[in-house]
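**Student:** Chain by chain, the residues:
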Amino acid sequence: MDAFCIDMSLNEENKKTIIISAISIATFVILWEFVSVFIVKDSLYLPSFHSVFYAFLERLTSAEIYIDALISFRHFFTGGISAILIGIPIGIIMGWYQNVFRFFNPIIEILRPIPPLAWIPFAIIWLKLTHEAAGMIIFIGMVFPIIVNTYTGFRNIPKIYVEAAKVLGCTKDFDLIRHVAIPAASPMILSGIRVAMGTGWMCLVSAEMFGVSDAGIGYSLWHFYSLHRMELVVLYMFVLGFMGLLIDVLFRFVIEKNLLKWQKGTVI
Amino acid sequence: MKKAEIQNITKIFVSKDDRKSEVLALDNISFDLAEGDFVSILGPSGCGKTTLLRIIAGLEKQTSGNIIINGKISNEPGPKKGMVFQEYSLFPWKNVIDNVSFGLKMQGMKKEDAYKKASKYIEMVGLGEFKYSYPNELSGGMKQRVAIARALANEPDIILMDEPFGALDAQTRNKLQNELLNIWKNQKLTVVFVTHSVDEAVYLSDKIIVLSARPGKIVKEIPITIPKPRTRTGNEENEIRDEVLRLLNHEKYLADASQLSGE
Ligand SMILES: Nc1ncnc2c1ncn2[C@@H]1O[C@H](COP(=O)(O)OP(=O)(O)OP(=O)(O)O)[C@@H](O)[C@H]1O
Ligand SMILES: [Mg+2]
Numbered sequence: 001m002d003a004f005c006i007d008m009s010l011n012e013e014n015k016k017t018i019i020i021s022a023i024s025i026a027t028f029v030i031l032w033e034f035v036s037v038f039i040v041k042d043s044l045y046l047p048s049f050h051s052v053f054y055a056f057l058e059r060l061t062s063a064e065i066y067i068d069a070l071i072s073f074r075h076f077f078t079g080g081i082s083a084i085l086i087g088i089p090i091g092i093i094m095g096w097y098q099n100v101f102r103f104f105n106p107i108i109e110i111l112r113p114i115p116p117l118a119w120i121p122f123a124i125i126w127l128k129l130t131h132e133a134a135g136m137i138i139f140i141g142m143v144f145p146i147i148v149n150t151y152t153g154f155r156n157i158p159k160i161y162v163e164a165a166k167v168l169g170c171t172k173d174f175d176l177i178r179h180v181a182i183p184a185a186s187p188m189i190l191s192g193i194r195v196a197m198g199t200g201w202m203c204l205v206s207a208e209m210f211g212v213s214d215a216g217i218g219y220s221l222w223h224f225y226s227l228h229r230m231e232l233v234v235l236y237m238f239v240l241g242f243m244g245l246l247i248d249v250l251f252r253f254v255i256e257k258n259l260l261k262w263q264k265g266t267v268i
Numbered sequence: 001m002k003k004a005e006i007q008n009i010t011k012i013f014v015s016k017d018d019r020k021s022e023v024l025a026l027d028n029i030s031f032d033l034a035e036g037d038f039v040s041i042l043g044p045s046g047c048g049k050t051t052l053l054r055i056i057a058g059l060e061k062q063t064s065g066n067i068i069i070n071g072k073i074s075n076e077p078g079p080k081k082g083m084v085f086q087e088y089s090l091f092p093w094k095n096v097i098d099n100v101s102f103g104l105k106m107q108g109m110k111k112e113d114a115y116k117k118a119s120k121y122i123e124m125v126g127l128g129e130f131k132y133s134y135p136n137e138l139s140g141g142m143k144q145r146v147a148i149a150r151a152l153a154n155e156p157d158i159i160l161m162d163e164p165f166g167a168l169d170a171q172t173r174n175k176l177q178n179e180l181l182n183i184w185k186n187q188k189l190t191v192v193f194v195t196h197s198v199d200e201a202v203y204l205s206d207k208i209i210v211l212s213a214r215p216g217k218i219v220k221e222i223p224i225t226i227p228k229p230r231t232r233t234g235n236e237e238n239e240i241r242d243e244v245l246r247l248l249n250h251e252k253y254l255a256d257a258s259q260l261s262g263e
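Protein chains in written order, with the working numbering: chain A, 1 to 268; chain B, 1 to 263.
Same shape as in the complex, but just chain A:
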């Protein structure tokens, strides 16, 4: 990850990092090309690097790949944003009121271990083949880590901050939550969202592949497989990896630049 935060001043250490990274990638590509062309010799088992690269150039200029990416983003954000909007408030009241915790915790502990993909049948029955159905699977993958991290963050707030706020005249629950508990727990809440995004991204692909959707990167990847266009399958695999990385890097960037300057480069 750190290789992506390239320091503008290219000192010796950074140069080394870049050169060795380039060598590493080149080695990988050459080895791949060699194995596929001279050893495997079957594009179904292992499409060669150059066929994937041509597929990439060709697809780059057609709208299809962008539409697939946009649709996948749409699924991801439908699920992700609803998981944040629902998970964080639930985590907050669970973290603040012991009795709410006691009430919700058993339900959550029963539902949480169910793999999100097991919900696919119900997603299809409840929401049909819509974008919302795919979003629902991602929601389920994301909402539990968000809830758990939020209440854990809340329960670990140093008591001293709450007490200091009280003697300064901030005594209502609502004000304490808003002005003390949420900022104090924000590193934990944000790292929960980040973990959840990783889970959500994995759910996205499977959800699209197993028929909750009729479009999207995961869906098309499955479609190409049925056509045995394996070079496109590989291309889409890389696209998925790249999109996941992009989301993570953007999230980290926004958080570190804006929200957590008081922490000085830590935690997430």
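Note that these hints are calculated values from the structure, not bench results.
A virtual CB, placed ideally from N, CA and C, is assigned to each residue, including glycine.
There's no promise every hint is true.
What the hints assert, rightly or not - Within a straight-line C-alpha distance of at most 20 Å, the following computed PhoX-like cross-link-like pairs (lysine-lysine) qualify:
{"id": "1", "chain 1": "A", "residue 1": "K172", "chain 2": "B", "residue 2": "K117"}
{"id": "2", "chain 1": "B", "residue 1": "K217", "chain 2": "B", "residue 2": "K175"}
{"id": "3", "chain 1": "B", "residue 1": "K143", "chain 2": "A", "residue 2": "K172"}
{"id": "4", "chain 1": "B", "residue 1": "K111", "chain 2": "A", "residue 2": "K128"}
{"id": "5", "chain 1": "B", "residue 1": "K117", "chain 2": "A", "residue 2": "K159"}
What the hints assert, rightly or not - Covered stretches of chain A, going by a simulated chain B footprint (3 or more residues, C-beta under 8 Å):
{"id": "6", "stretch": "52 to 61"}
{"id": "7", "stretch": "165 to 178"}
{"id": "8", "stretch": "183 to 195"}
We have chain A; now place chain B with the ligands onto it with these hints.
**Tutor:** Relative to the frame of chain A, chain B with the ligands by itself:
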């Protein structure tokens, strides 16, 4: 007129998981503060000094007794009872000026007015240049100064300080004592000050209250009328210091003895 009355405060801690184990922490503590009084509380470790301050602040419920501020019973925490804690308590996610203006904003003051007032108190503790620094960029002494400014900004009726300088080196400590005395004089603060340092108590206080080992009881109230600023090694100061040390040693001796016989 009496600014604050501490009336017959008793505190029994009941263990949460074992209702039978009770700890008598404070036993019938009473004393008064006039406006502008600087009262120090001394006593062996574990005798209930922090507990007493927390009860006055409203952060802990007393088992019996009353806290009266300006003639009214005052059992809840609020902006009129300021507190400086034994440990660092600044909000790390707020910079200095937002920490100091927090209480004012909570009472509905407009942001610009709150900032103006907060600035005044930040200057008062000598940190004008650090208004926009975050607590993790400040030294221990600077953090405690900000904590003091934050408590003062609300202009509380009474300010409670729990070993505010306990974690600081001797030089910083002396410096902050002098700053505190200046502010106390100019702002006519009413202070309850907990400390382990007899020197500090003698240097600062109008009255020293010596507590016994657990359960905390008042052993003696010692008024000090020497005008301030005082010298740290004057004759009168030394006499008082000797008396307090004698009382404390006796308490410590009793505590050790009771511990031995208890085992
Ligand atoms: N929440 C609590 N539950 C049970 N017992 C407590 C609690 N808080 C304090 N005590 C007990 O009450 C006694 C007084 O504690 P307190 O912290 O007030 O002492 P102190 O005089 O401030 O000590 P120190 O000088 O070391 O800071 C101690 O014996 C402590 O164990
Ligand atoms: Mg204490």
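**Student:** Against this structure, judge whether each hint is valid.
**Tutor:** We went through each hint and held it up to the structure:
Using a Cα cut-off of 20 Å, the hinted pair K172 (chain A) and K117 (chain B) is violated, with the two alpha carbons roughly 24 Å apart. A distance of roughly 32 Å separates the Cα atoms of K217 (chain B) and K175 (chain B); the hinted pair therefore is violated under the 20 Å criterion. Between the alpha carbons of K143 (chain B) and K172 (chain A) the distance comes to roughly 26 Å, so the proposed pair goes past 20 Å and is violated. Of the pairs offered as hints, the one joining K111 (chain B) and K128 (chain A) is violated, with about 51 Å between alpha carbons and a cut-off of 20 Å exceeded.
Our distance criterion of 20 Å between C-alpha atoms is broken by K117 (chain B) and K159 (chain A), whose separation comes to about 27 Å. Given a C-beta distance limit of less than 8 Å, the hint that chain B covers the stretch 52 to 61 of chain A is violated, as 0 residues qualify and 3 are needed. Counting residues of the stretch 165 to 178 of chain A whose beta-carbon sits less than 8 Å from any beta-carbon of chain B gives 8, enough to reach three: the coverage restraint holds. Counting residues of the stretch 183 to 195 of chain A whose CB lies closer than 8 Å to any CB of chain B gives 3, so the stated coverage by that chain holds, three being the minimum.
Hints 1, 2, 3, 4, 5, 6, counting from the list given before, are not met by this structure.
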